[in-house]
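So the protein sequences, as listed, match chains A and B.
Once you know that position 483 of the first sequence is 483 in UniProt numbering, the rest is easy, because the numbers rise by one and skip nothing.
Once you know that position 486 of the second sequence is 486 in UniProt numbering, the rest is easy, because the numbers rise by one and skip nothing.
Note that these hints are calculated values from the structure, not bench results.
Hints are supplied without guarantee of correctness; some may be wrong.
If chains are identical, the list can't say which one is meant, so a pair holds when it fits in one copy or spans any two.
Straight-line alpha carbon distances no greater than 30 Å define the calculated DSS-like cross-link-like pairs of lysine-lysine that follow [stated by the list, open to error]:
(1) Lys405 <-> Lys315
(2) Lys425 <-> Lys405
(3) Lys12 <-> Lys123
(4) Lys262 <-> Lys545
(5) Lys315 <-> Lys548
(6) Lys2 <-> Lys440
Quick caveat, the model's predicted, so the values are computed rather than measured.
Chain residues, written in single-letter form:
Protein chains: 2
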Amino acid sequence: MKASRFFIGTLKEAPADAEIVSHQLMLRAGMIRRVAGGIYDYLPIGLRSVRKVERIVREEMERAGAIEILMPGVQPAELWQESGRWEQYGPELLRLRDRHQRDFVLGPTHEEVVTDIARREIKSYRQLPVNLFQIQTKFRDEIRPRFGVMRGREFIMKDAYSFDRDVAGLQRSYEAMYEAYTRIFTRLGLDFRAVAADNGSIGGSGSHEFHVIADTGEDAIVYCPDSDYAANIEAAEALAPVALRDAGTQPLTRVPTPGRAKCEAVAEQLGIGLEHTIKSIVLAVDAPEEQGGEAQIVLLLLRGDHSLNEIKASKVAGLSGWRFASEAEIVDHFGTPPGYLGPIGTRRPVRVIADRTVAAMSDFVCGANEVDYHLNGVNWERDLPEAEVADLRNVVEGDPSPDGKGTLSLCRGIEVGHVFQLGTKYSEAMSATYLDETGKPQPMQMGCYGIGVTRILGAAIEQNYDARGMIWPESIAPFEVVICPMGWDRSEAVREQAGALYDALRAAGVDVILDDRGERPGVMFADWELIGVPHRLVVGDRGLKEGKIEYQGRRDEQASLFDVGVAADEVIARIRAALNV
Amino acid sequence: MKASRFFIGTLKEAPADAEIVSHQLMLRAGMIRRVAGGIYDYLPIGLRSVRKVERIVREEMERAGAIEILMPGVQPAELWQESGRWEQYGPELLRLRDRHQRDFVLGPTHEEVVTDIARREIKSYRQLPVNLFQIQTKFRDEIRPRFGVMRGREFIMKDAYSFDRDVAGLQRSYEAMYEAYTRIFTRLGLDFRAVAADNGSIGGSGSHEFHVIADTGEDAIVYCPDSDYAANIEAAEALAPVALRDAGTQPLTRVPTPGRAKCEAVAEQLGIGLEHTIKSIVLAVDAPEEQGGEAQIVLLLLRGDHSLNEIKASKVAGLSGWRFASEAEIVDHFGTPPGYLGPIGTRRPVRVIADRTVAAMSDFVCGANEVDYHLNGVNWERDLPEAEVADLRNVVEGDPSPDGKGTLSLCRGIEVGHVFQLGTKYSEAMSATYLDETGKPQPMQMGCYGIGVTRILGAAIEQNYDARGMIWPESIAPFEVVICPMGWDRSEAVREQAGALYDALRAAGVDVILDDRGERPGVMFADWELIGVPHRLVVGDRGLKEGKIEYQGRRDEQASLFDVGVAADEVIARIRAALNV
Numbered sequence: 001m002k003a004s005r006f007f008i009g010t011l012k013e014a015p016a017d018a019e020i021v022s023h024q025l026m027l028r029a030g031m032i033r034r035v036a037g038g039i040y041d042y043l044p045i046g047l048r049s050v051r052k053v054e055r056i057v058r059e060e061m062e063r064a065g066a067i068e069i070l071m072p073g074v075q076p077a078e079l080w081q082e083s084g085r086w087e088q089y090g091p092e093l094l095r096l097r098d099r100h101q102r103d104f105v106l107g108p109t110h111e112e113v114v115t116d117i118a119r120r121e122i123k124s125y126r127q128l129p130v131n132l133f134q135i136q137t138k139f140r141d142e143i144r145p146r147f148g149v150m151r152g153r154e155f156i157m158k159d160a161y162s163f164d165r166d167v168a169g170l171q172r173s174y175e176a177m178y179e180a181y182t183r184i185f186t187r188l189g190l191d192f193r194a195v196a197a198d199n200g201s202i203g204g205s206g207s208h209e210f211h212v213i214a215d216t217g218e219d220a221i222v223y224c225p226d227s228d229y230a231a232n233i234e235a236a237e238a239l240a241p242v243a244l245r246d247a248g249t250q251p252l253t254r255v256p257t258p259g260r261a262k263c264e265a266v267a268e269q270l271g272i273g274l275e276h277t278i279k280s281i282v283l284a285v286d287a288p289e290e291q292g293g294e295a296q297i298v299l300l301l302l303r304g305d306h307s308l309n310e311i312k313a314s315k316v317a318g319l320s321g322w323r324f325a326s327e328a329e330i331v332d333h334f335g336t337p338p339g340y341l342g343p344i345g346t347r348r349p350v351r352v353i354a355d356r357t358v359a360a361m362s363d364f365v366c367g368a369n370e371v372d373y374h375l376n377g378v379n380w381e382r383d384l385p386e387a388e389v390a391d392l393r394n395v396v397e398g399d400p401s402p403d404g405k406g407t408l409s410l411c412r413g414i415e416v417g418h419v420f421q422l423g424t425k426y427s428e429a430m431s432a433t434y435l436d437e438t439g440k441p442q443p444m445q446m447g448c449y450g451i452g453v454t455r456i457l458g459a460a461i462e463q464n465y466d467a468r469g470m471i472w473p474e475s476i477a478p479f480e481v482v483i484c485p486m487g488w489d490r491s492e493a494v495r496e497q498a499g500a501l502y503d504a505l506r507a508a509g510v511d512v513i514l515d516d517r518g519e520r521p522g523v524m525f526a527d528w529e530l531i532g533v534p535h536r537l538v539v540g541d542r543g544l545k546e547g548k549i550e551y552q553g554r555r556d557e558q559a560s561l562f563d564v565g566v567a568a569d570e571v572i573a574r575i576r577a578a579l580n581v
Numbered sequence: 001m002k003a004s005r006f007f008i009g010t011l012k013e014a015p016a017d018a019e020i021v022s023h024q025l026m027l028r029a030g031m032i033r034r035v036a037g038g039i040y041d042y043l044p045i046g047l048r049s050v051r052k053v054e055r056i057v058r059e060e061m062e063r064a065g066a067i068e069i070l071m072p073g074v075q076p077a078e079l080w081q082e083s084g085r086w087e088q089y090g091p092e093l094l095r096l097r098d099r100h101q102r103d104f105v106l107g108p109t110h111e112e113v114v115t116d117i118a119r120r121e122i123k124s125y126r127q128l129p130v131n132l133f134q135i136q137t138k139f140r141d142e143i144r145p146r147f148g149v150m151r152g153r154e155f156i157m158k159d160a161y162s163f164d165r166d167v168a169g170l171q172r173s174y175e176a177m178y179e180a181y182t183r184i185f186t187r188l189g190l191d192f193r194a195v196a197a198d199n200g201s202i203g204g205s206g207s208h209e210f211h212v213i214a215d216t217g218e219d220a221i222v223y224c225p226d227s228d229y230a231a232n233i234e235a236a237e238a239l240a241p242v243a244l245r246d247a248g249t250q251p252l253t254r255v256p257t258p259g260r261a262k263c264e265a266v267a268e269q270l271g272i273g274l275e276h277t278i279k280s281i282v283l284a285v286d287a288p289e290e291q292g293g294e295a296q297i298v299l300l301l302l303r304g305d306h307s308l309n310e311i312k313a314s315k316v317a318g319l320s321g322w323r324f325a326s327e328a329e330i331v332d333h334f335g336t337p338p339g340y341l342g343p344i345g346t347r348r349p350v351r352v353i354a355d356r357t358v359a360a361m362s363d364f365v366c367g368a369n370e371v372d373y374h375l376n377g378v379n380w381e382r383d384l385p386e387a388e389v390a391d392l393r394n395v396v397e398g399d400p401s402p403d404g405k406g407t408l409s410l411c412r413g414i415e416v417g418h419v420f421q422l423g424t425k426y427s428e429a430m431s432a433t434y435l436d437e438t439g440k441p442q443p444m445q446m447g448c449y450g451i452g453v454t455r456i457l458g459a460a461i462e463q464n465y466d467a468r469g470m471i472w473p474e475s476i477a478p479f480e481v482v483i484c485p486m487g488w489d490r491s492e493a494v495r496e497q498a499g500a501l502y503d504a505l506r507a508a509g510v511d512v513i514l515d516d517r518g519e520r521p522g523v524m525f526a527d528w529e530l531i532g533v534p535h536r537l538v539v540g541d542r543g544l545k546e547g548k549i550e551y552q553g554r555r556d557e558q559a560s561l562f563d564v565g566v567a568a569d570e571v572i573a574r575i576r577a578a579l580n581v
């Protein structure tokens with residue numbers, strides 16, 4: 001590609017509404033342009049990287065035996081009514097009507113459509129397993145689209161759906177996808193981690209997220225440096241302390257703590273560590289509508305320095321669908337507004353659930369159910385009955401790893417892939433059955449597997465940039481090499497040598513761009529560093545006199561000099577090494 | 001690809017609502033499945049052909065210097081309001097609202113979005129020319145989607161938009177696209193014709209359609225077998241007869257023609273040819289709203305055996321926006337209802353426009369403006385003043401070619417591509433200007449260029465099928481070769497030889513499928529003939545004993561026998577010859 005025939009629109013400044021680095025840099029480099037909130041044009045430079053991501057994803061999906069199809073963006077409401085999601089899905093599902101006033105949705109995902117394909121096309125166990133994938137444009141009407149391609153409304157996704165005869169088959173399909181995703185993100189040249197994720201009601205290891213590691217990531221990831229344990233924060237189990245509970249030594253006392261409604265303030269006043277305090281969180285679980293009646297009030301106890309894991313709370317028996325209790329409900333049950341609540345002496349009986357860590361504490365501090373008072377030296381059994389115990393909290397750095405092999409670390413990640421065992425959720429709702437060997441209809445076991453194609457661009461940038469711009473991995477760089485000729489307009493020798501290099505690199509299959517725009521070196525260098533081309537060759541009269549061409553990798557602090565005769569080969573060798581081919 | 005791992009869903013019968021061959025065959029072969037009216041899934045076999053079309057289109061667009069981008073499907077209403085099409089576009093434009101009640105459209109085309117890109121990115125004459133293209137999913141809310149992919153609602157299009165400094169530049173861009181399209185349809189292996197099309201107000205040779213020739217085509221195409229003249233019926237000029245008008249010899253007579261309101265009936269009664277009769281067509285042109293007043297009534301005269309070309313009528317000065325006159329208007333001006341109208345003795349004055357052919361007639365028959373009467377032996381000048389003359393009719397087979405090089409023929413075509421000089425329509429409406437050499441803002445000259453990617457599949461089938469199924473050109477066949485092993489499950493020798501052939505063909509880059517499903521020969525052959533794979537190799541124990549493999553091209557009436565050792569090479573040679581590589 002020659003730059004003069006390309007469409008380069010770099011900007012000095014990013015628009016003010018671009019909040020994060022990847023969004024700013026993609027705009028500045030002319031990869032994307034905003035059309036409406038969360039809706040973008042992909043300009044040539046951006047689209048080149050999108051297509052490279054797509055190609056790697058497609059190759060690895062096919063290698064894993066998945067077969068490509070293409071489903072429509074506009075989907076009839078009837079399918080969503082069948083699955084129940086027409087009602088359940090929130091306003092992210094863009095509903096629309098055609099000219100005949102029939103209801104449709106703009107597909108945010110394709111479980112319904114693909115299940116409809118499966119039930120029509122698959123009749124017999126002999127046709128299973130099948131894994132169908134597509135690379136297609138999705139729409140989710142985010143309430144606040146932001147961060148450029150990271151949380152857009154219209155975006156490109158690879159989604160795959162597997163159909164199996166039984167759970168063992170589903171697990172094989174799932175593992176094949178897990179491995180394909182591992183190959184994909186490895187080939188993309190990204191530092192990533194697969195983490196166990198919550199998968200709702202299915203249980204087991206039925207869901208993993210693939211995260212690109214980046215300090216700016218929205219998600220907290222938990223991992224064990226000494227083993228392969230990794231999970232997102234929602235799914236990471238906090239083990240019960242192994243040490244037995246100390247016997248209490250302090251007497252129970254009622255302490256005035258005026259104006260100190262937070263654990264931190266109480267600990268400060270008492271001169272103790274936060275780890276000796278307990279916080280009280282009050283939930284309500286509404287009675288089913290048909291039964292009516294008042295909500296059940298539940299008190300969760302967490303250590304003062306721990307935070308509630310809302311997903312874990314949902315999984316405690318009887319707490320599915322919980323909400324935080326209202327102040328009126330709290331006053332009604334505890335006789336006091338929030339700030340001084342505790343498990344002892346509530347006005348009405350409440351269900352008390354202690355986090356595993358709390359259950360192992362002794363001589364602790366909690367609210368006295370009276371404004372401006374706490375209890376100190378509280379001990380289980382002696383001062384209050386043993387509570388129900390559950391894993392309720394987010395793990396913290398240094399917690400023991402659930403696999404028993406060390407302690408946990410935390411980092412930030414950007415979710416770019418998700419593999420999920422759906423089981424029979426859709427196949428049962430939509431009657432997608434096959435006939436087994438005995439001729440009996442059985443629901444198909446389904447898995448679904450997504451990769452955010454356009455989001456990967458943003459994640460790759462969040463992981464790889466510096467003050468001058470983006471730094472692309474070779475596999476998805478808009479161009480692998482740029483040739484910058486110094487004095488294009490004046491030097492015949494430079495033009496000739498730059499052209500020869502360009503031809504040699506192209507002949508070797510290298511994705512090279514020749515900057516024949518005749519721009520000043522400063523402009524050229526700034527543009528290509530911003531765009532993040534990983535390899536740069538500078539051809540100038542001064543170097544040519546010595547038979548040299550200047551080379552600089554995008555991460556290199558200094559340029560090197562190559563002999564003219566070997567410059568192309570040197571670059572090719574570097575690219576091949578990086579791509580591992 | 002091995003058939004056992006593929007997703008093949010052939011059907012014995014097509015659904016009853018599939019009206020045309022291509023729709024029936026695509027459904028039967030499992031290329032597409034209906035999701036809603038005009039909305040389809042592309043199953044693996046169909047998608048393979050779509051991707052092959054896309055690849056050829058992309059390669060030739062890039063070769064012509066166009067640069068790929070990707071614009072969104074969901075477009076903000078503001079852009080359409082700026083261009084004026086928010087109001088002008090009919091209900092095919094699907095309008096929708098997001099969760100914040102902002103208006104959007106589902107893009108049926110992208111002139112607005114691309115003009116918005118151009119005005120933001122292109123500042124200077126130095127950045128021009130630019131040609132931006134995309135291959136993207138469009139939505140048009142057809143009132144009656146039908147014919148499968150031929151007139152769908154959601155479909156894939158390649159659309160390109162060129163931006164130039166001046167008309168000469170636009171013409172160069174246009175010609176480059178014309179040539180690229182010619183290469184594309186040639187490479188696709190289709191019998192096609194580029195025809196001049198009407199381009200509204202721009203005039204000149206500013207619009208061409210590319211048609212795949214097929215008897216079932218919806219459009220009439222006019223061409224000259226002795227030259228390269230070709231146009232669609234709307235645009236084909238009907239020349240004035242070269243012979244001078246005969247002097248009239250008959251007296252003007254008033255003939256009773258009771259109940260004979262049609263030219264055919266009158267000619268029959270009088271025992272003359274239809275070519276001696278004239279039909280009267282009455283139009284009305286409404287006065288501009290601000291002026292009010294009654295519509296102007298215009299009488300068009302066409303020879304009895306000719307048909308009105310409505311586009312040509314629109315181009316006559318003063319007739320833009322015409323409509324057919326109402327019966328009341330006709331009675332008011334002619335004193336008689338339709339059926340016996342003519343230019344002589346109208347009740348009120350009307351503007352009379354004669355088709356070129358009519359202007360050269362003498363001794364003709366027309367209505368007498370009295371029920372049940374016609375005039376015979378009518379002659380210009382003698383019986384009525386010379387009328388305005390214009391080209392008003394559709395050409396017919398045998399008309400002289402407008403280029404003076406022979407006579408015209410007609411055939412049927414399916415429009416698959418369109419190149420169009422837009423001029424400054426959008427750049428002026430949306431202020432897409434660049435600064436010229438003198439620093440003055442100038443509107444960009446635009447062209448737009450579309451190819452119906454998914455429609456090409458339907459058109460290719462309408463042109464290439466037989467009673468057994470589709471017959472694909474090699475370039476876009478789902479597979480180039482199928483290997484059918486006889487007795488896959490029982491013969492080791494067959495499995496081995498089929499596998500060796502498969503490997504040899506794949507190694508040569510041939511797109512081959514091995515039918516390892518273990519189906520009976522009849523089922524295999526029927527499936528692959530229906531799917532239309534152009535080359536078939538049959539491996540069986542009987543042939544192998546003689547060292548032979550059976551080959552049959554999809555259009556061959558009989559199979560041939562190849563020696564085992566050369567079978568792969570023979571097929572490769574045939575494919576390369578067909579692809580012209």
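We went through each hint and held it up to the structure:
For the homomeric pair Lys405 and Lys315, the shortest alpha-carbon distance inside one copy (26 Å) is at most 30 Å, but the shortest distance between copies (84 Å) is not. Taking the shortest Cα distances, Lys425 and Lys405 never come within 30 Å of each other, neither inside one copy (35 Å) nor across copies (70 Å). Proximity of Lys12 to Lys123 under the C-alpha cut-off of 30 Å is restricted to the inter-copy arrangement: shortest distance 15 Å between copies versus 59 Å within a copy. When the C-alpha separation of Lys262 and Lys545 is checked against a cutoff of 30 Å, the pair qualifies neither within a copy, at 74 Å, nor between copies, at 90 Å.
For a Cα distance limit of 30 Å, the shortest separation of Lys315 from Lys548 qualifies neither inside one copy, at 67 Å, nor across copies, at 67 Å. In this assembly of identical chains, Lys2 and Lys440 lie within 30 Å of each other by CA distance solely across copies; the values are 28 Å between and 62 Å within a copy.
Consistency with the previously given hints fails for numbers 2, 4, 5, ordered from lowest to highest.
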